[in-house]
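Undergrad: Those protein sequences? They're chains A and B, same order as listed.
Residue numbers for the first sequence follow the working numbering, beginning at 1 and rising by one.
Residue numbers for the second sequence follow the working numbering, beginning at 1001 and rising by one.
It is worth saying that the hints were derived from the structure and are not from the lab.
There may be inaccurate statements among the hints.
Claimed, not checked - Restraint ranges, calculated between C-beta atoms of paired labels, are given here:
id : chain 1 : residue 1 : chain 2 : residue 2 : range
1  : B       : K1151     : A       : M114      : 45 to 55 Å
2  : A       : V90       : B       : K1151     : 58 to 68 Å
3  : B       : A1112     : A       : S65       : 11 to 21 Å
Stated by the list, open to error - Each computed BS3-like pair below joins lysine-lysine, with the alpha-carbon atoms no more than 27 Å apart:
id : chain 1 : residue 1 : chain 2 : residue 2
4  : B       : K1096     : B       : K1084
5  : A       : K91       : A       : K42
6  : A       : K42       : B       : K1151
7  : B       : K1096     : A       : K42
8  : B       : K1134     : A       : K31
9  : B       : K1129     : A       : K91
10 : A       : K111      : B       : K1134
11 : A       : K99       : A       : K31
12 : B       : K1084     : B       : K1008
13 : A       : K42       : B       : K1134
14 : A       : K31       : B       : K1129
15 : A       : K75       : B       : K1089
16 : B       : K1096     : A       : K120
17 : A       : K75       : B       : K1008
Values in this document were obtained by computation on a predicted structure and should not be read as measured data.
Just so it is clear, CB atoms sit at the ideal spot from N, CA and C, and this is done for glycine as well.
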Amino acid sequence: MGEVVASAFKRVFDVVAKGYNGLMEFSSQLKELIENVGRRAKEEIIAGLHRIVQMLSSLSVRIISTFFAWLSSIKRIASDRGFTMNEINVKLNPITIEKVTVLGFPIPIPKISMPEVSIKFV
Amino acid sequence: MGSEGVFKEVELSKRFVGLTEELLGEEIFAPSPMFPTAMFATAYMPKAMGMSFRVPERAMKPAYYPPEVLYDLASIATSLSSGKTVLAKQFEEIKKEAEVIIDESSLVSRYADYQDAIVGMSTATEMIKDVSEKIDAEVDHRREGGNRKNKRFFG
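Same shape as in the complex, but just chain A (with noise of 0.2 Å):
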């Protein structure tokens, strides 16, 4: 099972993070931090996650913020170009946290939503 779980953290980076060097060692150390796992490998596996988790909320907050730059881009450029789009209306609920206890201590994982975007025309 050790090499379930380090092969389902390696597609987490093949997703986001391949170029964050310094998580791409914990994830190729993941499996030998579970098969030995002690005070010190529990310590290393917590900070680990918290890091992952660390990145993937700025990613996400990054993301959502230049998402929101964009719409109000467009909607400026439809207007100055005289567009017949007339209205962008977008509905996005709050990035939420849900607690996950790994080895008793705490891991709060970011929960996204995909927005919900209406455009009008004249």
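Here the structure of chain A is known, so what remains is to put chain B in place on it, guided by the hints.
TA: For chain B alone, coordinates are given in the frame of chain A:
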């Protein structure tokens, strides 16, 4: 769109790719107490930073981004270039030139990229939750195994 329009988009795309390489060729994250390992920009960093969601293949010649994508990417790149005035100004220039050639039909077409990125983040957080639960279960399983061995050994 006439060949002049296509030529302009290709020219802007090439400029954008060159400037992005210049921007990402340097270390953009300094080591910090939270991330003690220095993190360097790589070819994957634009995706990880939400800067570009569909990067053209290197083999694709010439580089091509439609104007609405160029406009958006140049806006993001401008904000990432803070402290690098010359680069920021050049990205800003690309943004202005791309804005002029955006047409109404393509204005909102980048929404799919944002949707993909948000779904990707959502999937990644679900996976982390799943993995965290698996780690916990795996460690419990190992502890139980260890306890059973000890019990057998010590009677």
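Undergrad: Hint by hint, note whether the structure agrees.
TA: Okay, the hints, checked on the actual structure:
One distance hint, 45 to 55 Å for the beta-carbon pair K1151 (chain B) and M114 (chain A), holds here, with the actual separation near 50 Å. The hint said 58 to 68 Å for the Cβ distance between V90 (chain A) and K1151 (chain B), and at roughly 59 Å that hint holds. With their beta carbons about 19 Å apart, A1112 (chain B) and S65 (chain A) fall inside the hinted range of 11 to 21 Å. About 19 Å separates the Cα atoms of K1096 (chain B) and K1084 (chain B), which keeps this hinted pair within 27 Å; it holds.
For the hint pairing K91 (chain A) with K42 (chain A), the CA-to-CA distance comes to about 40 Å; that exceeds 27 Å, so the pair is violated. For a cut-off of 27 Å, the pair hint linking K42 (chain A) to K1151 (chain B) stands: about 24 Å separates their Cα positions. A threshold of 27 Å between alpha carbons decides the hint, and for K1096 (chain B) with K42 (chain A) the separation of about 52 Å lies outside it, so the pair is violated. Taking the CA atoms of K1134 (chain B) and K31 (chain A), the gap is near 12 Å; set against the 27 Å cutoff, the hint holds.
As the CA atoms of K1129 (chain B) and K91 (chain A) are separated by approximately 25 Å, the hinted pair is consistent with the 27 Å bound. Only pairs whose Cα atoms come within 27 Å are accepted, and K111 (chain A) paired with K1134 (chain B) is accepted, the gap being roughly 18 Å. Restraint check for K99 (chain A) and K31 (chain A): the C-alpha separation of about 23 Å stays at or below 27 Å, so the hint holds. Proximity of K1084 (chain B) to K1008 (chain B) is assessed by CA-CA distance (about 26 Å); at most 27 Å being required, the pair is judged to hold.
Taking the CA atoms of K42 (chain A) and K1134 (chain B), the gap is about 14 Å. The hint holds against a cut of 27 Å. Using a Cα cut-off of 27 Å, the hinted pair K31 (chain A) and K1129 (chain B) holds, with the two alpha carbons roughly 17 Å apart. Between the alpha carbons of K75 (chain A) and K1089 (chain B) the distance comes to roughly 23 Å, so the proposed pair stays at or under 27 Å and holds. The suggested pairing of K1096 (chain B) with K120 (chain A) holds, with an alpha-carbon distance near 25 Å, which does not exceed 27 Å.
For the hint linking K75 (chain A) to K1008 (chain B), the alpha-carbon distance of about 24 Å falls within 27 Å, and the restraint holds.
Violated hints, listed in ascending order, are 5, 7; each of the other numbered hints is respected by the structure.
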